[in-house]
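**Student:** For reference, the chains in residue letters:
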Amino acid sequence: METETTTNGTSEAAAQVKLTAKDYASDQDVRWCPGCGDYSILAQVQRVMPSFNLPKEKTVFVAGIGCSSRFPYYMDTYGFHGIHGRASSIASGLKMARPDLDVWVTSGDGDLLSIGGNHFIHTLRRNLDIVILMFNNKIYGLTKGQYSPTSEHGKITKSSPFGTLEEPFNPLTLALGSGGSFVARSMDRDPKHMQDTISKGKGHKGTAFIEIFQNCNIYNDGAHELYTEKDTKPDHTIYVENGKPLLFGAKKDKGIKLNGFRPEIININEGNNSVNDVIVYDETSKELAMIVAQLSDFEDYPVPFGVLYKVTKPVYEAQMEEQITDSIEKLGKGSLEKLLFTGNTWEIK
Amino acid sequence: MEKTVEVLKSATVRFAGDSGDGMQIVGSRFTETSAFFGNDLSTFPDYPAEIRAPAGTLFGVSGFQIQFSSQDVYSPGDEPDVLVAMNPAALKVNLKDLKKNGTIIANEDAFIEKNLNLAGYKTNPLEDGSLAGYKLIKVPVTRATNNAVKDLGLTAKDANRCKNFYALGITYWLYDRPLDITMHWLESKFSKNPVIAEANIKALKAGYYFGETAEIFTTRYKVAPAKLPKGIYRNITGNHAAALGILAASLKSGLPLFLGSYPITPASDILHDLSSFKNFGVKTFQAEDEIAAICASIGAAFGGSLAFTSTSGPGMALKQEAIGLAVMVELPLVIANIQRGGPSTGLPTKTEQADLFQAILGRNGECPLPVVAASSPADCFMMMFEAARIACKFMTPVIFLSDGYLANGAEPWRIPHESELPVIEGEFRTEKEGYFPYMRDEFLARPWVKPGTPGMEHRIGGLEKQHITGNVSYDTANHEFMVNLRAEKVKNIENYIPPAEVEGDPEGELLIIGWGSTYGSITSARERLLAKGYNVSRVHLKYLNPMPKNLGEILNRFKKVLVPELNLGQLSMLLRANYLKDVIGFNKVQGLPFKASELEKKVIELLTEK
Chain W
0 METETTTNGT SEAAAQVKLT AKDYASDQDV RWCPGCGDYS ILAQVQRVMP SFNLPKEKTV
60 FVAGIGCSSR FPYYMDTYGF HGIHGRASSI ASGLKMARPD LDVWVTSGDG DLLSIGGNHF
120 IHTLRRNLDI VILMFNNKIY GLTKGQYSPT SEHGKITKSS PFGTLEEPFN PLTLALGSGG
180 SFVARSMDRD PKHMQDTISK GKGHKGTAFI EIFQNCNIYN DGAHELYTEK DTKPDHTIYV
240 ENGKPLLFGA KKDKGIKLNG FRPEIININE GNNSVNDVIV YDETSKELAM IVAQLSDFED
300 YPVPFGVLYK VTKPVYEAQM EEQITDSIEK LGKGSLEKLL FTGNTWEIK
Chain B
0 MEKTVEVLKS ATVRFAGDSG DGMQIVGSRF TETSAFFGND LSTFPDYPAE IRAPAGTLFG
60 VSGFQIQFSS QDVYSPGDEP DVLVAMNPAA LKVNLKDLKK NGTIIANEDA FIEKNLNLAG
120 YKTNPLEDGS LAGYKLIKVP VTRATNNAVK DLGLTAKDAN RCKNFYALGI TYWLYDRPLD
180 ITMHWLESKF SKNPVIAEAN IKALKAGYYF GETAEIFTTR YKVAPAKLPK GIYRNITGNH
240 AAALGILAAS LKSGLPLFLG SYPITPASDI LHDLSSFKNF GVKTFQAEDE IAAICASIGA
300 AFGGSLAFTS TSGPGMALKQ EAIGLAVMVE LPLVIANIQR GGPSTGLPTK TEQADLFQAI
360 LGRNGECPLP VVAASSPADC FMMMFEAARI ACKFMTPVIF LSDGYLANGA EPWRIPHESE
420 LPVIEGEFRT EKEGYFPYMR DEFLARPWVK PGTPGMEHRI GGLEKQHITG NVSYDTANHE
480 FMVNLRAEKV KNIENYIPPA EVEGDPEGEL LIIGWGSTYG SITSARERLL AKGYNVSRVH
540 LKYLNPMPKN LGEILNRFKK VLVPELNLGQ LSMLLRANYL KDVIGFNKVQ GLPFKASELE
600 KKVIELLTEK
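Quick note, the sequences are listed as chains W and B, same order. With the first letter of the first sequence counted as 1, position 307 gets the number 306 in numbering that gives the first Met the number 0; the numbers rise by one all the way through. With the first letter of the second sequence counted as 1, position 137 gets the number 136 in numbering that gives the first Met the number 0; the numbers rise by one all the way through.
One chain only, chain W, in its complex shape (with noise of 0.2 Å):
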């Protein structure tokens, strides 16, 4: 395929010259309400990006609709505000016909998991070379306050006056089950972590799928109080990170134990426990990421946060090129006046 030749060089210049984050900033004024918390991911996305080391013309942030979705205004890469639910779609279109650009969709949990969730678990099970950010303050913002998919059970909101009769979706099984190759959570509150999540999401190679805890401080504030704040989050939160025993708690005394497939909450302090007996994690093992995912689906324990999961796996646009390129090989450059003249023709003269 003929791709960037002429804008290879430039870019290759370009990218000599170190960017910062405020050169991502673009000249639009940002529009959220004062204390969202997408102005942290905005702000750890613009830090993380001059480390990718990529000009920013090969950049492009591909949005749907929401608060989430004006992401793509506040960066100075190239960037598409589509319609809602759609930014998977728009943004595998994209990456299938320009393998060469380096392609993000910042979503939330309506857009992406409710009127998107159909393009979502497809473009996972695709695995595009692409990263996804999804803003879960599990509430319609933009809308000013209707229930989401991640809502809990019995949430009380403007469109559920007596409370949600449905369960939400867990969005990190919902990845792994739609075969996603890189699952991890973050939260606009640990700013470090947000940007190590998202640099590891950039640096693998298919669907980075990034959960991002975001609170929506006028719809439903405090909605991940627990997980946020200093006095809580040590006993509800668990960070998970490869190759390290699943510990948690402020003195880091509670693991995960699994009993059979049940994980148990230990302390390793009491009794024969040891910290031997805490889960090692191990960010390949599908079994593992299901198991640890589900954590925060039952009471009193902690939710995992970090890279749960993350396996190489082949990559759609590369296969797509790879088609071509055999193709190509096999039959030759297709020419259109042969491909016209071709089957059974006769001549009238």
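Here are the simulated DSS-like pairs of lysine-lysine, each with C-alpha atoms no more than 25 Å apart in a straight line:
| no. | chain 1 | residue 1 | chain 2 | residue 2 |
| --- | --- | --- | --- | --- |
| 1 | B | K2 | B | K204 |
| 2 | B | K251 | W | K329 |
| 3 | W | K243 | W | K199 |
| 4 | B | K229 | W | K348 |
| 5 | B | K99 | B | K601 |
| 6 | B | K8 | B | K229 |
| 7 | W | K329 | B | K277 |
| 8 | W | K332 | B | K251 |
| 9 | B | K8 | W | K348 |
| 10 | B | K277 | W | K332 |
| 11 | W | K329 | B | K188 |
| 12 | B | K277 | W | K337 |
| 13 | B | K99 | B | K134 |
| 14 | B | K221 | W | K348 |
It should be emphasised that the hints constitute simulated quantities derived from the structure, not laboratory data.
Given the structure of chain W, go ahead and fit chain B onto it with the hints provided.
**Tutor:** The following block gives chain B in isolation, referenced to the frame of chain W:
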């Protein structure tokens, strides 16, 4: 017995049988042979929505009609001269269309009690004298086929499956067609299974010899080659032509082709064709749904591809919101709607023209876009090419309309050489100086800047844009300005399309104006009318939005304007609204094309009414 040869100008044959009887296959073989022979022709496959409906039932009947001629052919013919009926159901469904005195070739072996019951016959029509008005030829097709292949050691099922070629052989004899083209086809089709090829060839020959030796046929017919314009020809269906048209546009524009699509009848063949053109660098993406298909195409358009999405009525409805996005972001995109009977799932395998409103007036907000329509199977090539040209030049989505009849119907196509095709302008801006995403050129098109172009990073989206800068704008005056600008941009395209041409007198008593697949029926009807001394002019529209600049003036030169459409009067309404002309609609929504005779009758009625 001496057999006479009668020379005909044209003939129409219909093959009918169970959907598993291979009627589409033999119809296509007959078509191929006739095309090679040099006849002009037109075909009409008519098959049920069920893939294998229960055998012997009325709703499982599959038909294939071909008209072939020594003169120009514009339609598959109104009434078949010959009906090949492989079972009672096929006879029952198709008899009403057969010409008076027409020939029925019936497989008498299939007229057994069970099949007669399934078809609702109380007595056997082959025996009860009810077919007295026709030339009935009873042939033991099943037995004769089994007899012909008995030495090959086939299973009973495989042997039985050759009977369509036996029937084809009879028609080849009847119309003096050569066998070798079909024999070659069988050999190559079953190259991995030569026994099957041999069996079908034996059946074909046996059928042919049956015609020659049986004392039933007294006459055989000759249809001489037609005098078509010089050139190399091939037979082509509308869908195949459409796929080649968009590929040609890609190569003539230098833009890589991207198709996002979702399987749907009758559009899927376009996806199949383009998926096979990998060595042209074509990228095809079968998405999870219609919406993802078009959105991926929009993403590819942003990335600098010639973006294309193909669908049919219900899929088109699903795509409307995204089409609005393409209008707003002003990216080139070709959307093919192969119309079928609607609403909802409607008649998936039947034809209709009822999506014109959906094309022109669909979507939320003021959302104009160019709409073009092909008028014959081969015309799908050029109109698809044209859709791509308009899309790239004016930076807009364009809707291409075809329908089930064009999609599956075939006709000889004089193949254009690559060098005869115009170059399509699809240029990217790389000049940073003075660039704004929503600045305009003289065609009111905005610049196309591919991501990857340094220093020109910009954001586009579905929110209203500020004129020139392309920044999001909620300014009410700007919104009205932009709505008008988008309308003007599309309207202005009328200056870059050919004017409407009147066939016949430029003014007079009656003008027939049609669009899309009715071209052939209207042409045939008009020829008949002219032959009978009725002076009728016609215009056929290929550009539905904007319409040709001179159309209003043409309409006003005629006392009466007749608008035949396979819908309840959508073009009629648009013509009335746009030109205040009191046009007369002639409408049919039976999932079938017009018969020339129906149109002829209507015109005579109009011309003789007081």
